[in-house]
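Position 119 of the sequence shown, counted from 1, bears residue number 119 in my numbering, the numbering being contiguous throughout.
Hints should not be assumed to be uniformly reliable.
What the hints assert, rightly or not - Here are the simulated BS3-like cross-link-like pairs (lysine-lysine), alpha carbons at most 27 Å apart as the crow flies: (1) Lys127 to Lys157; (2) Lys8 to Lys19; (3) Lys49 to Lys139; (4) Lys8 to Lys187; (5) Lys172 to Lys19; (6) Lys20 to Lys222; (7) Lys8 to Lys222; (8) Lys44 to Lys157; (9) Lys157 to Lys49; (10) Lys222 to Lys19; (11) Lys8 to Lys181; (12) Lys139 to Lys54; (13) Lys49 to Lys172; (14) Lys181 to Lys19; (15) Lys157 to Lys139; (16) Lys19 to Lys139; (17) Lys222 to Lys187.
Just so you know, these hints were derived from the structure itself, not from any lab. Nothing here was measured: the structure is a model prediction, and the numbers come from that model.
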Amino acid sequence: MSNPVTDKTYALFDTPINKKIIARLNETETAHFLFPPLETEAVKLNDEKTSLIKNIGWYNWLIFTDVLAVDYFLESLTDNEIDFFELDAVRVCAFGEAVADRLRFVQIHADLIPNRIEDVYICAGIKIYHGEDNLENLKFLLVKDDSPASEIGRLLKENQADVTELLIYRAKKSVKSDLTKLITLLKGGAIDEFVFSAPEDLTALKYFFAENDLPDVLAEIKTSAPDANIYQTLREYDLRPHYFISP
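All chains should be built: construct the whole structure from the sequences, respecting the hints.
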């Protein structure tokens, strides 16, 4: 008799956090594909960019687009001997609960945590926070990767905000020989279920499918999470997740 779980083909990232799941899939001889983790590096800040974080109190808002943006930004603060408590004077928008959790770990409070990670909803949330249609005279520092995909900066500028983008990290230009094959398999319907175990998994997939929205990429694929935190992150990306059931 066939097992509906082991008859599936899974995809997940080849990361330490997935070690036990991968071992179980191997043990049960369940078909699966391993995506390579995203390799990133800090963007070296010139004097002008360094001055932005040294004068962080000049801004009304800080916006963090993902957990890696938080990690690299905090690293820059440490490198420049800037106390994290300098951020107390600035409102903070975190793209989802996982980003807010990363900030809470160092006792930084997020004032706005949108429940849907889509630029138009985030901009609307900021406007609702201020109770007005435009954001004139408000100064935003957008802390992000070097991807041009995010539209939040443009949307804020259209609402009269003063927006400065701080590119804090980028993906390394490493070559993964199997990545093209994996992307083709996913697009071609060869994967039944994608297991996400960390918010970095979603950041990686956004890089790999830079021209597409994640709900479109995963429209025909079941998405699952091993715990409540990543389940919430998947929901914030407008996916319909399930809890992962090990074969």
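How the hints compare with the structure:
{"no.": "1", "hint": "Lys127 to Lys157", "verdict": "holds, 12 Å"}
{"no.": "2", "hint": "Lys8 to Lys19", "verdict": "holds, 19 Å"}
{"no.": "3", "hint": "Lys49 to Lys139", "verdict": "holds, 15 Å"}
{"no.": "4", "hint": "Lys8 to Lys187", "verdict": "holds, 16 Å"}
{"no.": "5", "hint": "Lys172 to Lys19", "verdict": "holds, 24 Å"}
{"no.": "6", "hint": "Lys20 to Lys222", "verdict": "holds, 20 Å"}
{"no.": "7", "hint": "Lys8 to Lys222", "verdict": "holds, 11 Å"}
{"no.": "8", "hint": "Lys44 to Lys157", "verdict": "holds, 26 Å"}
{"no.": "9", "hint": "Lys157 to Lys49", "verdict": "holds, 20 Å"}
{"no.": "10", "hint": "Lys222 to Lys19", "verdict": "holds, 21 Å"}
{"no.": "11", "hint": "Lys8 to Lys181", "verdict": "holds, 19 Å"}
{"no.": "12", "hint": "Lys139 to Lys54", "verdict": "holds, 15 Å"}
{"no.": "13", "hint": "Lys49 to Lys172", "verdict": "holds, 21 Å"}
{"no.": "14", "hint": "Lys181 to Lys19", "verdict": "holds, 22 Å"}
{"no.": "15", "hint": "Lys157 to Lys139", "verdict": "holds, 10 Å"}
{"no.": "16", "hint": "Lys19 to Lys139", "verdict": "violated, 43 Å"}
{"no.": "17", "hint": "Lys222 to Lys187", "verdict": "holds, 13 Å"}
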